[in-house]
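**Student:** As they're listed, the protein sequences go chains A and B.
Going by our numbering, the first residue of the first sequence is number 9, and it counts up by one from there.
Going by our numbering, the first residue of the second sequence is number 3, and it counts up by one from there.
Just so you know, the hints here were simulated from the structure itself, not pulled from any lab data.
All C-beta atoms in this analysis are idealised placements derived from N, C-alpha and C, irrespective of residue type, glycine included.
Keep in mind that a hint or two might mislead.
[Said to hold, decoys possible] Derived, one-sided and incomplete: chain A residues facing chain B with beta-carbon distance under 10 Å:
hint: 1; residue: Y57
hint: 2; residue: A350
hint: 3; residue: L358
hint: 4; residue: C367
hint: 5; residue: S368
hint: 6; residue: V373
[As the list claims (entries may be wrong)] Straight line, CA to CA, 27 Å or less: simulated DSS-like cross-link-like pairs of lysine-lysine:
hint: 7; chain 1: B; residue 1: K457; chain 2: A; residue 2: K366
hint: 8; chain 1: A; residue 1: K349; chain 2: A; residue 2: K56
hint: 9; chain 1: B; residue 1: K457; chain 2: B; residue 2: K349
hint: 10; chain 1: A; residue 1: K92; chain 2: A; residue 2: K409
hint: 11; chain 1: A; residue 1: K160; chain 2: A; residue 2: K409
hint: 12; chain 1: B; residue 1: K170; chain 2: B; residue 2: K48
hint: 13; chain 1: B; residue 1: K349; chain 2: A; residue 2: K349
hint: 14; chain 1: A; residue 1: K325; chain 2: A; residue 2: K366
hint: 15; chain 1: A; residue 1: K366; chain 2: A; residue 2: K409
hint: 16; chain 1: B; residue 1: K349; chain 2: A; residue 2: K325
hint: 17; chain 1: A; residue 1: K50; chain 2: A; residue 2: K325
hint: 18; chain 1: B; residue 1: K263; chain 2: B; residue 2: K170
hint: 19; chain 1: A; residue 1: K56; chain 2: B; residue 2: K349
hint: 20; chain 1: B; residue 1: K349; chain 2: A; residue 2: K50
hint: 21; chain 1: B; residue 1: K170; chain 2: B; residue 2: K201
hint: 22; chain 1: A; residue 1: K366; chain 2: B; residue 2: K401
hint: 23; chain 1: B; residue 1: K349; chain 2: B; residue 2: K170
hint: 24; chain 1: A; residue 1: K325; chain 2: B; residue 2: K401
hint: 25; chain 1: A; residue 1: K50; chain 2: A; residue 2: K349
hint: 26; chain 1: B; residue 1: K457; chain 2: B; residue 2: K401
hint: 27; chain 1: A; residue 1: K325; chain 2: A; residue 2: K56
The chain contents come next:
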Amino acid sequence: MKSRHFSMDALGDAIARLPDDRLTAIRNAAFAHLREHGLPTKRDEDWKYTDLAPLVDIGNQWLDLGDDVTPQADSSDVSDPIQKSIDADWLLISNGQVDANSIAALAQDGVTVELLSKHDSTANFSAPLTDLNSALLRDGLRITVDANHSIKRPIGILVVDIAATAASLSQIRADVIVGANSTLDLIEYHASSGEGEHYANSVINLTLEDNARANWVRIQDRDRAHNQTGRTAVTLGRDSQFHHCAFDFGGRLIRNDLAVDIAEPGSAAVFDGLYLAGEDQHIDNHTRVDHRVGPATSQQEYRGVLTANARCVWNGKAIVHEGADGTDAEQANHNLLLSDKAEIDAKPELEIYTDDVKCSHGTTVGQLDETSLFYLRTRGIDIVGAKQILTTAFAQTIVSKLPVESPRESLAELVSARLSRMLEAVVK
Amino acid sequence: MSTDPDNIDSIVNRRYEHGFVTDIATDTMPPGLDENVVRAISARKKEPEFLLEWRLRAYRQWREMQEPDWAHVHYPPIDFEAISYYAAPKSDDERPKSLEEVDPKLLETYDKLGIPLHERARLAGVAVDAVFDSVSVATTFKERLSEAGVIFCPFSEAVTNHPELVQKYLGSVVPQRDNFYAALNSAVFSEGSFVYIPKGVRCPMELSTYFRINAANTGQFERTLIIADEGSHVSYLEGCTAPMRDENQLHAAVVELVALKDAEIKYSTVQNWYPGDENGVGGIYNFVTKRGDCRGANSKISWTQVETGSAITWKYPSCLLRGDNSVGEFYSVAVANNYQQADTGTKMIHIGRNTSSTIVSKGISAGNAQNAYRGLVRVMPQADGARNHTQCDSLLIGKNCGAHTFPYMEIKNPGARVEHEATTSKISADQLFYCRQRGISEEDAVNMIVNGFCKEVFKELPMEFAVEAQALLNVSLEGAVG
Numbered sequence: 009m010k011s012r013h014f015s016m017d018a019l020g021d022a023i024a025r026l027p028d029d030r031l032t033a034i035r036n037a038a039f040a041h042l043r044e045h046g047l048p049t050k051r052d053e054d055w056k057y058t059d060l061a062p063l064v065d066i067g068n069q070w071l072d073l074g075d076d077v078t079p080q081a082d083s084s085d086v087s088d089p090i091q092k093s094i095d096a097d098w099l100l101i102s103n104g105q106v107d108a109n110s111i112a113a114l115a116q117d118g119v120t121v122e123l124l125s126k127h128d129s130t131a132n133f134s135a136p137l138t139d140l141n142s143a144l145l146r147d148g149l150r151i152t153v154d155a156n157h158s159i160k161r162p163i164g165i166l167v168v169d170i171a172a173t174a175a176s177l178s179q180i181r182a183d184v185i186v187g188a189n190s191t192l193d194l195i196e197y198h199a200s201s202g203e204g205e206h207y208a209n210s211v212i213n214l215t216l217e218d219n220a221r222a223n224w225v226r227i228q229d230r231d232r233a234h235n236q237t238g239r240t241a242v243t244l245g246r247d248s249q250f251h252h253c254a255f256d257f258g259g260r261l262i263r264n265d266l267a268v269d270i271a272e273p274g275s276a277a278v279f280d281g282l283y284l285a286g287e288d289q290h291i292d293n294h295t296r297v298d299h300r301v302g303p304a305t306s307q308q309e310y311r312g313v314l315t316a317n318a319r320c321v322w323n324g325k326a327i328v329h330e331g332a333d334g335t336d337a338e339q340a341n342h343n344l345l346l347s348d349k350a351e352i353d354a355k356p357e358l359e360i361y362t363d364d365v366k367c368s369h370g371t372t373v374g375q376l377d378e379t380s381l382f383y384l385r386t387r388g389i390d391i392v393g394a395k396q397i398l399t400t401a402f403a404q405t406i407v408s409k410l411p412v413e414s415p416r417e418s419l420a421e422l423v424s425a426r427l428s429r430m431l432e433a434v435v436k
Numbered sequence: 003m004s005t006d007p008d009n010i011d012s013i014v015n016r017r018y019e020h021g022f023v024t025d026i027a028t029d030t031m032p033p034g035l036d037e038n039v040v041r042a043i044s045a046r047k048k049e050p051e052f053l054l055e056w057r058l059r060a061y062r063q064w065r066e067m068q069e070p071d072w073a074h075v076h077y078p079p080i081d082f083e084a085i086s087y088y089a090a091p092k093s094d095d096e097r098p099k100s101l102e103e104v105d106p107k108l109l110e111t112y113d114k115l116g117i118p119l120h121e122r123a124r125l126a127g128v129a130v131d132a133v134f135d136s137v138s139v140a141t142t143f144k145e146r147l148s149e150a151g152v153i154f155c156p157f158s159e160a161v162t163n164h165p166e167l168v169q170k171y172l173g174s175v176v177p178q179r180d181n182f183y184a185a186l187n188s189a190v191f192s193e194g195s196f197v198y199i200p201k202g203v204r205c206p207m208e209l210s211t212y213f214r215i216n217a218a219n220t221g222q223f224e225r226t227l228i229i230a231d232e233g234s235h236v237s238y239l240e241g242c243t244a245p246m247r248d249e250n251q252l253h254a255a256v257v258e259l260v261a262l263k264d265a266e267i268k269y270s271t272v273q274n275w276y277p278g279d280e281n282g283v284g285g286i287y288n289f290v291t292k293r294g295d296c297r298g299a300n301s302k303i304s305w306t307q308v309e310t311g312s313a314i315t316w317k318y319p320s321c322l323l324r325g326d327n328s329v330g331e332f333y334s335v336a337v338a339n340n341y342q343q344a345d346t347g348t349k350m351i352h353i354g355r356n357t358s359s360t361i362v363s364k365g366i367s368a369g370n371a372q373n374a375y376r377g378l379v380r381v382m383p384q385a386d387g388a389r390n391h392t393q394c395d396s397l398l399i400g401k402n403c404g405a406h407t408f409p410y411m412e413i414k415n416p417g418a419r420v421e422h423e424a425t426t427s428k429i430s431a432d433q434l435f436y437c438r439q440r441g442i443s444e445e446d447a448v449n450m451i452v453n454g455f456c457k458e459v460f461k462e463l464p465m466e467f468a469v470e471a472q473a474l475l476n477v478s479l480e481g482a483v484g
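Can you build the whole structure from these sequences, using the hints too?
**Tutor:** The structure is reproduced here in structure tokens:
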């Protein structure tokens, strides 16, 4: 029987065992809030299609083990060839612990990287999983880009979890501030390995000051038995630009929340995503953009390819608040269903409280076009090859929108390789 | 493009044209609901045992159910004990056999509403089963219909004359505990329409009912059941207006459609109930469950609605596409002005193979109104070759209104092709300028643009309804400038 709730006493003990530092106050506050409000269930509209119970179960098993200090991996343990081929200054977070050496090694002008515990943080109760993250947080990253500064080389956040014990939990946290008139390119890479069950919970807070720009690429290629929930909350300053591109390949149960808050006029947000899901995978993407003022634009395009018994969820929400005149919001979601047992639940939502807006959304669910397949077959390409060509073209659309150059080749390869594995299984 | 505040004011201040109260003594039950009330309603209507049992089962289930709160609407809690669950005109015992026998006051009421019954019926060739409060008072064109074998009668008459059909189909599409309001309706429904089209018959005329709520503090609980037997065809029209009242009036209707093999049902609604005054006081709460069941292969059910009235609309006409090759359609125009709130849409459940559905929803918000489209397209694993296209557009007029879209798509079959498109915008300055430049007044230009926006839906309406719908829209929105 899987439990819906964390065993709160054990959770309290685990929190008490964490070092007493400047994070202690928010740990306790978050724990109190979590204790009072709990985690969402399928009865909550935002969690209608995704059940957290298996993850809570892993958490409880981990608490039972009472061994909350999991060995830290260092960068030499990481053997992900794709990540290695991406050019960036990598910061490492492994099993919820920030690698101090990687911080020390990063030397870029105008960029300051510190441990989160070096600063006072204020508790943020915006989401239940943020509570869990704050309560169990060992430490996190704080990255600041000075004003009037464009970084020379992308910064990478490499998250590697090695599930050595039967069950483990890790909390990942990064607060990123991009100063006025500055530009940041960031690549977030999640990988994991190990025989045990694992649940990683990440929280990213990104603040763009006036006229700043952030290009953010998130790549998730976890072990197919591991799970992750992640929340990225973005606040946009005046005339700032935010471009987010997310890729989900691995994991068993994955839930991503992207929340963009447009509180100053003139900003533009673009967020794209690709999810490739096969056997036993459940990938859920929720996006929310709050247009509080106008003019501002937001555009999103998510694409997915589903095979075997994969289940994917896409929920895009655009809220145009009263007075946010001159808002232009677009949502698009396209899905290819390639198997009898796959399921997609899509929900593009618009909530609009003012009239001077242009909003649209489009969602499609379908399969490969028969005529195009036939055309390729007549050219002597076998069915697997033909499907591969068409699916790759469908998926590479998102790769082609990458805002950061360095991962492009590696990602294109990763997409093709993953798709051909998925398609082989389909044709068999 | 400048916004003329006087124009906006003039719309906001527009009075409800159909607001009046007909002074007829009504035979009304005291407010409150318990098993005795259910028994009393059933006894008053001289219903057979099975129906009483059915009502009681619904009542017991309703007692255990929670009022839904997920819709994007806000209203003070409803006191179900303060509602009277039955009202009938006094003349119930001696029901009129022809129009001449009808209470002249009633006829006058319809005249005021712009529905000259006999004239209209003759001119349009429409049989009108007019429901005044809860009891039918006039039915015309009966003979022509019975020649064709069509049964079209008040629900209570069907219970007496065709109990086997009622027992077989009642609740087979909307079960008693389907939702809170459907359960309430199942327990206390007092009247409604019953239609049965026999095998292979194309109904010789369009069927129409005018619903009207009149007595104060009376909830109206209509029950409509339409069965189209194999290979038959019927077009049913429903239209409503209600007089002005200060109290909120609850209307929780249930409409069930059953289309057997090769049958087709077209159900059209023009709804213009009292929406409340300019401050959002009063108005009808319209909580309706409408569902069609395409039970047989090649069957088709088409919903068309023009919703301009009611303070709150909570309505999702749906199709269960069970038969292979069955077709579901939903065409809707929903207009919300002042403080009206509408949460409306449809559900298309694809179960059979090669089923297809089309959804076209046009929402117009003005004043302080909130208008939401909420829809579900679900393709079940066995529904090979399912096809859906959804088009869902919103038009905003004014700064304080809201337009929302909550479409759900749950696709479990790889052969499905599902498309959803939605746009939200205001009337563009360019469009208005173009019209003005050609000498068209601002009001006419807005009317033209709004009518153009709704055209896709209006063309689905039977002709006389299309005219009425267009007029209603102009009444609600002319002069509005975005």
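**Student:** Does the alpha-carbon distance linking K457/B and K366/A stay inside the 27 Å limit?
**Tutor:** 21 Å, holds
**Student:** Hint validation: C367/A versus chain B, beta carbon distance must be below 10 Å. Holds or violated?
**Tutor:** Where the cut-off is 10 Å and the nearest Cβ of chain B is about 4 Å from C367/A, the hint holds.
**Student:** Does K401/B lie within 27 Å of K457/B when you go C-alpha to C-alpha?
**Tutor:** 25 Å, holds
**Student:** For the pair supplied as a hint, K457/B and K349/B, is the alpha-carbon distance within the 27 Å limit?
**Tutor:** 22 Å, holds
**Student:** Tell me if the straight-line CA distance from K325/A to K401/B falls inside 27 Å.
**Tutor:** Roughly 21 Å between the alpha carbons, so the hint for K325/A and K401/B holds.
**Student:** So if I understand the rule, the pair passes when the alpha-carbon distance is 27 Å or less; does K349/A with K56/A pass?
**Tutor:** 19 Å, holds
**Student:** Does the nearest C-beta of chain B fall within a distance shorter than 10 Å of the C-beta of V373/A?
**Tutor:** 4 Å, holds
**Student:** With a cut-off of 10 Å, does the beta carbon of S368/A approach a beta carbon of chain B closely enough for the hint to hold?
**Tutor:** Since chain B brings a Cβ to about 4 Å from S368/A, closer than 10 Å, the hint holds.
**Student:** Taking 27 Å as the top limit, are the C-alpha atoms of K263/B and K170/B close enough?
**Tutor:** 17 Å, holds
**Student:** Would you mind confirming whether the straight-line C-alpha gap from K92/A to K409/A stays at or under 27 Å?
**Tutor:** 22 Å, holds
**Student:** Are the Cα atoms of K349/B and K349/A separated by 27 Å or less?
**Tutor:** 22 Å, holds
**Student:** Just to be careful, I want the Cα atoms of K349/B and K170/B compared with a cutoff of 27 Å; is the pair within it?
**Tutor:** Distance of about 24 Å is within 27 Å: holds.
When each numbered hint is compared with the structure, no violation occurs for any of them.
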